[in-house]
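> The lines below spell out each chain.
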Amino acid sequence: MLKLILVSFITILSSGFITSPANATGVEPETEECYRGEKLGSFKAAAQNTIGTTTLIGLWCFVGKTVTQAELLDGWAETSTPFWSVDYSQSDDKDSGIVDNEARIWQRFHFHLLVGTTWLNFTQTEIGCSRIIGRSSGDLIETDTRCSIY
Amino acid sequence: MLNILKSLTICLIVFGAGCSQNNTETSDNKLEDLSSGSKVDYQTWPLAQVGESVRECDDKYNTITSLFYVPSSTMAEQSGYGYSDNQINRMNNNNSRISNDLDCSKVAEKLSAFSKMKILLLKQDSTSEIYSNWSQCMSESGFSDISNPTERGFHLSRKMYPPLNGKMEPITKAIARAEEIKDYEIQMAQADLACQSTELAPVQDKLIADQVSLIESAPSDITDLLRN
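As given, the protein sequences belong to chains A and B, one line each in that order. Position 115, counted from 1, in the first sequence is what our numbering calls 115; the numbers after and before it change by one each time, with no gaps. Position 94, counted from 1, in the second sequence is what our numbering calls 94; the numbers after and before it change by one each time, with no gaps.
With the rest of the complex left out, here is chain A (with noise of 0.2 angstroms):
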């Protein structure tokens, strides 16, 4: 019975039976279009040794020509460097925003090298920043390692 009913309701759907407002007007309005973009970094030790990965996820929409919204989505740093650990809690390190008509979003990442079990073995903190820049045309997504929205 319940078979019956779902393909009478796609069979429906899919005859065109239904028309858009924007069909019968013969006028199409302007659509948001919204787009999720990431910056992928690698994070390297003053001594150029890879210590881990970043990953920030960012969303824009546009209207037309005119970007309306940023949004940082999420954001998250990995290690399997040892002795090396994320640091995830840091605040107001990371924003969003819309300047010039580009959707900026950042994230700044931290990690620490620990040798040891103490609060004496934290030795070294790495810090460094990703960035994604989200347009409404040409180049639609770049990406930098700034660390802020200007």
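One or more hints might be untrue.
Sample of chain A residues with no beta-carbon within 10 angstroms of chain B, all distances over it, derived [claimed, not checked]:
1. 50
2. 102
3. 116
Simulated pairs of lysine to aspartate or glutamate, EDC-like, Cα-Cα distance not exceeding 20 angstroms [unchecked claim]:
4. B/159 x B/179
5. A/65 x B/169
6. B/167 x A/102
7. B/123 x B/205
8. B/167 x A/139
9. B/123 x A/95
10. B/106 x B/221
11. B/123 x A/100
12. B/159 x B/205
13. A/65 x A/139
14. B/106 x A/95
15. B/167 x A/144
16. B/159 x A/102
17. B/159 x B/180
18. B/206 x B/129
19. A/44 x A/126
20. B/173 x A/100
21. B/206 x B/125
22. B/123 x B/199
23. B/123 x B/145
24. B/173 x A/33
25. A/65 x A/100
26. A/44 x A/78
27. A/65 x A/142
28. B/173 x B/109
29. B/167 x A/33
30. A/65 x A/33
31. B/159 x B/183
32. B/106 x A/87
33. B/159 x B/140
34. B/159 x B/145
35. A/65 x A/30
36. B/173 x B/183
37. B/167 x A/142
Worth flagging that the hints you see were computed from the coordinates, not collected in a lab. Positions of the beta carbon are idealized from the N, C-alpha and C atoms, including for glycine.
Since chain A is already given, all that's left is putting chain B on it; use the hints.
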């Protein structure tokens, strides 16, 4: 024609509600067992207060990375840890920034101390061994590669956002995936509660002892931050 369509839609909703009712009853029984078996009261732990005071900032953009964050059985049943819902809300948000009014700079030092504490805890013998057992339990429940509770967030993040390899993804596609992952997240949170009940609860004294020991051995300024 529209009336037929409307009737069919109502039929579908009624059928759907029936199915979901059955599922809820099954889950309730299961969760009742879980909560009665769970004897961990994290609010009494040495770091509970500081953890709670920074949690809003700690989780400003990532809801479940806190070592001490545990969902209630009701929340686990409805939304897991809340991560998928959080991400769906962000993806659907209409220019209203979440937590925009938070001023986390006021707790920056406390956050830093708390974070280092969490890193150190994972290096302590007892905590490390207990989390290894928890991880094994999670793996046996079908959730592998989560080596400790701080990894729960990353595990879901990786599933939520597979690499794009330089491309972009329409957000509608990401939202559809998030809706699918929500079911996985709910199952994971329920397995988590069960594993905490069997692997953490019986030995929680050891976990607490590691926390006390680290707080007492910290430099005085950090001890102050962690005790207040």
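> Going straight from one Cα to the other, do residue 65 of chain A and residue 169 of chain B come out at no more than 20 angstroms?
Distance of about 19 angstroms is within 20 angstroms: holds.
> Between residue 65 of chain A and residue 30 of chain A, does the CA-CA distance stay at or below 20 angstroms?
The hint holds at about 10 angstroms.
> Is it true that the CA of residue 173 of chain B sits at most 20 angstroms from the CA of residue 33 of chain A?
The hint holds at about 12 angstroms.
> Do the alpha carbons of residue 123 of chain B and residue 145 of chain B lie within 20 angstroms of each other, as the hint requires?
Distance ~18 angstroms between residue 123 of chain B and residue 145 of chain B Cα, so the pair holds.
> Would you mind confirming whether the straight-line C-alpha gap from residue 123 of chain B to residue 205 of chain B stays at or under 20 angstroms?
17 angstroms, holds
> Verify the proposed pairing of residue 106 of chain B with residue 221 of chain B, using a straight-line Cα cut of 20 angstroms.
16 angstroms, holds
> Is residue 167 of chain B close enough to residue 33 of chain A, meaning Cα to Cα at most 20 angstroms?
15 angstroms, holds
> Does the structure keep residue 44 of chain A and residue 126 of chain A at a Cα separation of 20 angstroms or less?
With Cα atoms ~8 angstroms apart, residue 44 of chain A and residue 126 of chain A stay inside 20 angstroms; holds.
> For residue 167 of chain B and residue 144 of chain A, compute the direct alpha-carbon distance and say whether it is at most 20 angstroms.
16 angstroms, holds
> Hinted pair, alpha-carbon criterion (20 angstroms max): residue 167 of chain B, residue 102 of chain A. Please report holds or violated.
Cα-Cα ~18 angstroms, so holds.
> Please verify whether residue 123 of chain B and residue 100 of chain A have alpha carbons no more than 20 angstroms apart.
46 angstroms, violated
> With the threshold set at 20 angstroms, check whether the alpha-carbon distance from residue 173 of chain B to residue 100 of chain A stays at or below it.
28 angstroms, violated
Consistency with the previously given hints fails for numbers 3, 9, 11, 12, 16, 20 and 28, ordered from lowest to highest.
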